[in-house]
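A.B. asks: The chain contents come next:
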Amino acid sequence: MVESVFPKRTSIVRRRFVTGAAALSCGAAVFPALARKATIESMVSAELPEAASSFLLNVEKIPVRVGKQHAKGVGINGSLPAPTLRWREGDTVELQVRNHLHEDTSIHWHGIRLPADMDGVPGLSFAGIPAGETFTYRFPVRQNGTYWYHSHSGGQEQAGLYGALVIDPADKPAYTADRDYVVLLSDWTNADPMDIVSNLKFDGDYYNFRQRTVGTFLHDIRKDGLMASVRDRLAWGGMNMAPTDISDVSGIIYTYLMNGRSPAKGWVGLFRPGERIRLRFINAASMTLFDVRIPGLTMQVVASDGNDVEPVPVDEFRIAPAETYDVIVQPTTDEPYTIFVQSEDRTGYARGTLATHDGLLGPIPPMDPRPLRTMADMGMGSMKNMSMTGEPKSDPMAGMDMPSHEKTTPDSQSVEQDKTVHHHAAMHDMDMSNMAGMDMGNMDMPGMSMHHSMPHEGSSSSIKEQRAVSGSPAAMPETQPAKLKTGVEVQSLAPQPQNRLGEAGDGLDGNGRRCLRYTDLRALKPWTDPREPSREIVLHLTGNMERFIWGFNGKKFSEAEPIRLMLGERVRFVLINDTMMEHPIHLHGLWSELENGQGAFQPYKHTVNVKPGERLSYLVSADTPGLWAYHCHLLYHMDTGMFRTVVVS
Amino acid sequence: MAAVHGPSSKAEPMNKATAVPYVNGIMPVMDQRIYVHALLDQFEARYSGSGGQFRYDGQAWFGSDYNKLWLKSEGTVGTNGSFGDGDHEVLYDRSISRYFDLQSGVRLDIDHGPTRAWGAIGLQGLALYFFDAEATFYFSDRGVAGRLTGSYDIFITNRLILQPQTELNFYSNSDGARGVGRGLSDIDAGLRLRYEWHRKIAPYVGITYSKMFHDNVGFRDNSDAVGSGTNFIFGIRSWF
Ligand SMILES: [Cu+2]
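Residue numbers (numbering that gives the first Met the number 0), protein chains in the order written: chain E, 0 to 648; chain D, 0 to 239.
Calculated directly from the structure, the hints in this document are not laboratory data. Just to be clear, a hint being listed does not mean it is correct.
For lysine to any residue, the following SDA-like pairs were computed, each having C-alpha atoms within a straight-line distance of at most 25 Å [stated by the list, open to error]:
1. D:Lys199 / E:Gly154
2. D:Lys199 / E:Pro192
3. E:Lys482 / E:Leu538
Next comes chain E alone, as it looks inside the complex (with noise of 0.2 Å):
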């Protein structure tokens, strides 16, 4: 039926995309009005689309309502979000993308190997698609698993221009499931993606509307008394900033989309008790972390950014923007089940249900109280190691809530290696300066007690990483930022960055349920590439939340030198935050194998979430030719300079 409507040419091409499209979109509260058209029932039994290698994007404008508000959005073939692609390992995929704006567009293959003129990413892999336009990519299929794409192009990405991208392994699959859905998450706004940075640079706290008051220091002082309270306050305000500072745009102007629906619609997978359900959940959000849970049922995280790793039984898990991670869930009674994912800052949610017929609906929990940031997310180590004695914790494992992730206990070869890193470089390198006029022994701060510090400091690495901060000679060349000092760029520095891989996260450590952390994450296969990296590239995470300035090593994108790989070298990107937010970092083109204690079967990802005050690092091979895009993909903190070129040559 459908299929009448388009050329022959691309007839078997689009029917798909109609079924993708109807799949995610219709009905929704943000609905495209081609998909209109799709009844309800090809909406809720939707799985996957079937896959294919050659495929026509029209890029468009496409009309969206939220609520009772009217927009433009930019979607593909009439859907918004753009509809799910699948492909096959092993072959060759041929995509031309139509641009039918009035502006340039691109379109980025997220955590696709493949060559640089592919990428997608204007001015570094081509000139962009400009207006009335059609670009052909062209490009070998050497990986599966769960992605995503999006464009690379101002704004667009906001405004809708994401997809969803799943890839079928030549070889069967680690993981069988009787059904297989995408669930696509998003910050959908009507405001324009330029107002947005533009408050932002005139208020860093426009879209906060959860800041403490007189009410709040009210209840802290019954809490807490008036001295602590006193103090705690003096603390913050000291370094002007606020422990309120979770998310910068929030749900005041954010709805947050499951598959491109509202929470008010939502959206329906269905099943039948018994069957294994792979849900693959994209990230896709501009600036929003989301905490992701179903009430009653127990998810084994069976991939990370399209990798297969060992099952870990989850009740919640963090997502930030571009991550992916597949679970299988495996509901035995036929009532319906609330997928349930918050943002960070608790602002909204998306949700979804899973349902045995359409029409069910499982119960909404409330929203999880909302975090506050502490002295450990502003780099000041825990309070365990803030002790006066000056020296960590001897026991690695002490604080650590095993019990609960009996799966995911480190393998005897991780402990071992934890043996050797006791010692913290950065305990010895902490500057106090920072710290004048705070009083940490009296300071309250809710939900410390619970940010232990996991010394895992993965691999043997830690022994050079603690080189490299000293400062002694090593005998490889290092890139090394020059000493930072605060300034126009650069609001904070960590005195004390902790390895908090074994934190779950803000808001999460400590709230009953078990959380996915990053040390919890290990291969099913080794890596390909066991050489050891023959430098190290530290990169600060730096920032002004005053006057939305963001960067690397203290400087935006356009200050700063390209990082530049040699082909075919290994090298380990050190990554320091010295802010009080989560920045998801993403290296385009190659993989980012994540030093998280799990040796040789160390995950590998695409995206990596640095927490506040963390200091993490990861392995990379320069095995791909080109420039490549290397940035937080929480939008603005790239679009204001958080973002470099990476050589590679």
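Go by the hints and put chain D with the ligand onto chain E.
C.D. replies: Just chain D with the ligand now, with coordinates in the frame of chain E:
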């Protein structure tokens, strides 16, 4: 103000990154954009036992993260229609630290009184504990002058905000024609309670206290006197 459009003159020359052969010279990220904003901090009617007046105080800027053109203007219109206390500044603004900008330029006193011109140099920014502060020195052949302003936002709720504010003016020499005394010449302090039903438009009510300090007897003291003392005020704070 050529510097406004020019490249950042930080120690590092900007766009070293252009050493990379960007396709068609396209920068993948445009982080040197120009932004434009204006803030009308006070736009209010003042009432006291002796009459009423209207007062405005606003600033606008346009520019990049480091270099901006900054405009400031304030003034008072009495019930008799005379424009007093007119102060208008054009400044080049340079970001110099985490929270502070250095500003330099020209101040013109233009109102019903005689016009005066000053050179200006000062600091503006966010002092610790979130105090908004400005300290500016002015100089001319008539001597020097100084101005200190400060304000603070107390969040009663996230939308109901109590703002104490004060402005102090100092002059090294009195200027009889403009009703300016030597030393601390005048003070304008206020307590405003605003409601941000929208971030950019917030109505407020409050009280102000203002006083001119005259060290000489015999100053003309008519329109300037209106509004002196304690006033009840209402107005609207807005920005774009
Ligand atoms: Cu990307």
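A.B. asks: All hints, please: hold or fail.
C.D. replies: Taking the hints in turn, this is what the structure says about them:
{"no.": "1", "hint": "D:Lys199 / E:Gly154", "in the structure": "holds, 23 Å"}
{"no.": "2", "hint": "D:Lys199 / E:Pro192", "in the structure": "holds, 17 Å"}
{"no.": "3", "hint": "E:Lys482 / E:Leu538", "in the structure": "holds, 12 Å"}
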